[in-house]
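Asker: Using the sequences and the accompanying hints, generate a full structural model.
Chain by chain, the residues:
Protein chains: 2
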Amino acid sequence: MLRHERVSMVAAVQRGVDGDPYGVTLAGVIRQLFVALEQRPLVKAFMLRDREVIGKLLRQAGVSESKVLSRATLVTYLEVLHARGLVRTDLSVSAQVNLIMATITGFLLAEPVLLDDRQGMVEDPADVVADVIGRALDPGRRLTAAEQRVVEQATREYVEQVVALSDAKYQSSLAVCTPARRRR
Amino acid sequence: MLRHERVSMVAAVQRGVDGDPYGVTLAGVIRQLFVALEQRPLVKAFMLRDREVIGKLLRQAGVSESKVLSRATLVTYLEVLHARGLVRTDLSVSAQVNLIMATITGFLLAEPVLLDDRQGMVEDPADVVADVIGRALDPGRRLTAAEQRVVEQATREYVEQVVALSDAKYQSSLAVCTPARRRR
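Chains as they are written, first to last, in our numbering: chain X, 1 to 184; chain H, 1 to 184.
Take the hints with a grain of salt, since some may be wrong.
Claimed, not checked - Chain X side only, calculated, beta carbon under 8 Å to chain H, not exhaustive:
(1) V35
(2) L91
(3) S92
(4) A95
(5) L99
(6) T103
(7) T105
(8) G106
(9) F107
(10) L109
(11) A110
(12) E123
(13) A126
(14) V128
(15) R135
(16) P139
Stated by the list, open to error - Covered stretches of chain H, going by a simulated chain X footprint (3 or more residues, C-beta under 8 Å):
(17) 93–102
(18) 125–132
Derived by calculation from the structure, the hints in this document are not laboratory data. All C-beta atoms in this analysis are idealised placements derived from N, C-alpha and C, irrespective of residue type, glycine included.
Answerer: Shown next, in the form of structure tokens:
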């Protein structure tokens, strides 16, 4: 059930990223992730409310355990952008991946509490977190049209890998739940 | 004991901010906070390891419970900067305060786990979190020398308020722990 929801969420991110105001970029993917989470209270509750889950989140470096963000795929993606100077290069890929995971973790954990405060914030947290990460990795120059296409291509490949991971996990959970299928 | 450590930490932040590479700015204060936490494993452990503390952190919007960052003083500080355009003005003060607290929460929670990964990150997390928040609030223009002095002045006042809060809390805990003192 939860894994099915997660597959549907990742698919929504993939569909949404094409029309995202941040374009087909890391910031756009992150914005879509937060938008998708807002529409899936079950996945979000799982990631946030349960103490055990929070313990896991901490042990597993933020949301990596949920496979919404797998560290390995994020590293591969950032390495492509970093090697071509499409993100800043004064921070290592490791530091950038840690930065992304720490920031997303913070917004995921803090958001429900911050919204409860009813401090009259009109901004959508999805916009804010995408903006923070976009600025944090900005290469400090305008990308050429060709470079923008490289970013788009790398971003699509990243999202496809996340979708594939999420599908594989769902399939393996079906195999465990309905062993009859294995006999074929 | 813990409150004493906290007073000492806040005092270290106040001393350190003058020589911080980010200058007497919010980013400098945050960098000093993380540097000070690195030298105070007790305060840090209290903020991070204990499940109950983590639960409190979540309920209380990040680190506000610890009074290292009080929301009210942070709002006052940001209002001064926002009113004069010394931070970006396309995000409300509320959104900026939430952004700061979410980001700090994320780095505090994720950092020990991320470091445990031994991913060969050479960057100091204190530098990275200060840089992320500095970029996130950047007004997008060069400040004049007069404006930089306004930022410095507002930052010093903010740190003084945090010190005063931390001292008051320590004094009140002494009063509770050693009631004999009250008799004078």
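Asker: Hint by hint, note whether the structure agrees.
Answerer: Hint check results:
Using the Cβ-Cβ criterion of 8 Å, the hint placing V35(X) at the interface with chain H is not satisfied: the shortest such distance is roughly 17 Å. For L91(X), the interface hint holds, the least distance from its beta-carbon to any beta-carbon of chain H being 6 Å, beneath 8 Å. At a threshold of 8 Å, the smallest CB-CB gap from S92(X) to chain H is about 6 Å, leaving the interface hint in force. Against a cut-off of 8 Å between C-beta atoms, the interface hint on A95(X) holds, since the closest Cβ of chain H lies about 4 Å away.
Interface restraint check for L99(X): the shortest CB-CB distance to chain H comes to about 6 Å, inside 8 Å, so the restraint holds. Evaluation of the T103(X) hint against chain H yields a held restraint, the C-beta minimum of about 5 Å falling below 8 Å. Interface hint at T105(X): satisfied, since its Cβ lies 4 Å from the closest Cβ of chain H, which is below the 8 Å cut-off. Satisfaction of the interface hint for G106(X) is found here, the shortest Cβ-Cβ separation to chain H being roughly 2 Å, below the 8 Å cut-off.
Hint on F107(X) holds. Least Cβ distance to chain H is approximately 5 Å, under the 8 Å limit. For L109(X), the interface hint holds, the least distance from its beta-carbon to any beta-carbon of chain H being 6 Å, beneath 8 Å. Interface hint status for A110(X): upheld, as the beta-carbon distance to the closest one in chain H is roughly 4 Å, under 8 Å. For E123(X), the interface hint holds, since its Cβ comes within 8 Å of a Cβ in chain H; the closest pair sits about 4 Å apart.
Proximity of A126(X) to chain H is violated relative to the hint, the smallest CB-CB distance being about 12 Å (cut-off 8 Å). This hint holds: V128(X) has a C-beta 6 Å from the nearest C-beta of chain H, less than the 8 Å allowed. With a least beta-carbon distance of about 4 Å to chain H, the hint placing R135(X) at the interface is held under the 8 Å criterion. For P139(X), the suggested interface contact is broken, since its CB lies about 12 Å from the closest CB of chain H, more than 8 Å.
Counting residues of the stretch 93–102 of chain H whose CB falls under 8 Å from any CB of chain X gives 7; the rule of at least 3 is met. Three residues within the 8 Å Cβ limit are the bar, and the stretch 125–132 of chain H against chain X gives 5, so the coverage statement holds.
Hints 1, 13 and 16 from the earlier list are contradicted by this structure; the remaining hints agree with it.
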